[in-house]
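Engineer: Add chains B, C and D to chain A, keeping to what the hints say.
Number of protein chains: 4
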Amino acid sequence: MTQVIVLNGGSSSGKTGIARCLQTVLPRPWLRFSIDDLVEALPQSLIGSDVQGISFGDQGEVDVGEFFREFEAAWMTGVAAMARAGAPIIIDDVFLSGAASQQRTRSHLAGLDVLWVGVRCDPEIAVARETARGDRATGMAASQALLVHDGVVYDVEVDTSRTESLDCARAIAAHVTP
Amino acid sequence: MTQVIVLNGGSSSGKTGIARCLQTVLPRPWLRFSIDDLVEALPQSLIGSDVQGISFGDQGEVDVGEFFREFEAAWMTGVAAMARAGAPIIIDDVFLSGAASQQRTRSHLAGLDVLWVGVRCDPEIAVARETARGDRATGMAASQALLVHDGVVYDVEVDTSRTESLDCARAIAAHVTP
Amino acid sequence: MTQVIVLNGGSSSGKTGIARCLQTVLPRPWLRFSIDDLVEALPQSLIGSDVQGISFGDQGEVDVGEFFREFEAAWMTGVAAMARAGAPIIIDDVFLSGAASQQRTRSHLAGLDVLWVGVRCDPEIAVARETARGDRATGMAASQALLVHDGVVYDVEVDTSRTESLDCARAIAAHVTP
Amino acid sequence: MTQVIVLNGGSSSGKTGIARCLQTVLPRPWLRFSIDDLVEALPQSLIGSDVQGISFGDQGEVDVGEFFREFEAAWMTGVAAMARAGAPIIIDDVFLSGAASQQRTRSHLAGLDVLWVGVRCDPEIAVARETARGDRATGMAASQALLVHDGVVYDVEVDTSRTESLDCARAIAAHVTP
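So the sequences go chain by chain: A, B, C and D.
Quick note, the first sequence lines up with residues 1 to 178 if you use my numbering.
Quick note, the second sequence lines up with residues 1001 to 1178 if you use my numbering.
Quick note, the third sequence lines up with residues 2001 to 2178 if you use my numbering.
Quick note, the fourth sequence lines up with residues 3001 to 3178 if you use my numbering.
A few of these clues could be false.
[Unchecked claim] Chain D stretches covered by chain A per the calculated footprint, using a threshold of three residues with CB under 8 Å from any CB of chain A: (1) 3063 to 3076; (2) 3085 to 3093; (3) 3110 to 3122; (4) 3143 to 3154.
[What the hints assert, rightly or not] The calculated label-pair distances, taken between Cβ atoms and stated as ranges, are: (5) B:S1161 <-> C:D2135: 34 to 42 Å; (6) D:T3177 <-> A:G48: 51 to 59 Å; (7) A:S161 <-> D:P3027: 44 to 52 Å.
Derived from the structure by calculation, the hints contain no laboratory data.
Note that the Cβ used here is the ideal one computed from N, Cα and C, for glycine as well.
Pulled out of the complex, with its shape left as it was, chain A reads as follows (with noise of 0.2 Å):
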């Protein structure tokens, strides 16, 4: 039985908009939660510039500190307990390293039945709506792309280019274990 669905993907992918979808598709109530909720959950001081927070380059760059790391790996933890505690959850994540940001994700949820999703976008796309948003910091959708999948492996993959976010989240469904 499925007990957590991971979807990575850069910046404007469409991410929440298909965890929003999986939420109505799926016959069981599931919760979302997503990294930018820990972001949200961040005292002020430590968003935006703060080398051991998280800070945003003028190119649309992310970078995390220790302080992020050691509340991420928290969060992480909070969450898996949240799944093992019986709620099904849906994690919207950016694997801003890759496969080793998998890999620290698949530590902390050891034991959980998962199902990781790729969420790609082409990048000239996620680019255009992220300027179509206008709520995300320009450069972000560019840069992650390609590099949030490098080495990154899946269960399922979905492309959010040409196929709507609730045609994705019914294809995604199909992979879940009820």
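Structural biologist: For chains B, C and D alone, kept in the frame of chain A given last:
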């Protein structure tokens, strides 16, 4: 010289994304307003249920009452005045009464050089995007998708079903007289 | 008959809360607009750093350039037109240039019955509230608290330091001519 | 060493502002989570009307069903796991069942060093602030103001009726063991 761009389309057809992209691709700076801004400006008591304000039905239908109509006329008068004062304006609107809405809008914009743009989207796709957004009353996309274009005459039409907002914006920009 | 209520005060002085309460306590429905709405309407490229748009310094200072000034004049012309068309309007503003800002605003509102309201707040308390909100650039509250009232003449003044927004709204409403 | 700070108070009592201020005044970085985050994580279908999820009555009353209770238990288990993994956590909660809610929360946080904080606010003032915020269901402030403290035992209590959030945060911080 185009002074006002009116984007008309149903809920979740992608108007706001196109408007933001237009602001990026057009050479001069343009202001962007939406009929949603008027709803936001209303007293809380007129939103949601009041027969004189704006109310939302179970199937996503939108009903507007006398106060809303009066405020809408005043708002449109004001937006037209901004354009006459020299600010190029993109209006993101929903012609709930189709041709009659266009007629009313046209009379408010009298004397201005207006580009009328139809933003179409396959109803099924708009409904899917409504699910992915998760922040609009369910049913609005379906109930408005065709209705808002009924009898409306456009200078240019775009279809977001299979074209990204940025490409739609470029197609529209080609019709803007500098 | 009062047609426009102008609330002037520094960042985090509580203007928006008072405006919402005014919409509740006033017998007729009023529309509520804020100078923040204009910032929201600007192209992304004019916000944050552009010398012709609106930019925010490290100490919370706000600088506005030529494009912003022109758009602001057009926007105020439009809001005045809404009031002349019959919609009672509450404007939530920040007179960055004190008396000169009021003079500019007064000329846009010529012929309208305007109630000028000063929204004061002890600088120290405004700074504390800025911290509690967490959504404004740090320093804006401090830098604007006194500056925006410099040389401005009011019909009524309220102080949110020790009076709730709703009570301030009631005090203002007593000066509104029905 | 304090590992978890639980802020309990009714809607519009000022918990979130205090939590943000705590993040500023405490020497180490703390994460901030709210029961609202759980509501945000739920499928849309469980919010607003579903008897198994969380529903909101006309008078501001909040009812939670079986699914919500189960998810809440899993969520709290997860937040406790984050604290055990080393992240200091501020939880912003609403004890709808008073002492029984505290008992449930206490069992989830077993073994952790918890500071229990009561955030009080005169019901009349909380109601006024609810009006000023304009983003909460009317009536929640009134219905929760006293109820949530019923039988609850605190290490420290603050009252936002006449004390700013930042000062409340400083009073709480004095009880945090470093």
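Engineer: Each hint should be assessed against the structure and marked as holding or not.
Structural biologist: How the hints compare with the structure:
Under a criterion of three residues with beta carbons nearer than 8 Å to beta carbons of chain A, the stated coverage of the segment 3063 to 3076 of chain D is upheld, 6 such residues being counted. Figure legend: the segment 3085 to 3093 of chain D, annotated as covered by chain A; annotation consistent (3 residues with Cβ-Cβ distances under 8 Å, at least 3 required). With a cut-off of 8 Å between beta carbons, the segment 3110 to 3122 of chain D has 0 residues touching chain A; three or more are needed, and the interface restraint is violated. Coverage of the segment 3143 to 3154 of chain D by chain A is violated [criterion: at least 3 residues with CB-CB distance below 8 Å; count 0].
Taking the beta carbon of each, S1161 of chain B and D2135 of chain C are about 36 Å apart, inside 34 to 42 Å as hinted. Range check, T3177 of chain D to G48 of chain A: about 30 Å between beta-carbon atoms, so the 51 to 59 Å window is missed. Look at S161 of chain A against P3027 of chain D: about 47 Å separates their beta carbons, and that is inside 44 to 52 Å.
Checked against the numbered hints above, the structure breaks hints 3, 4, 6 and satisfies the rest.
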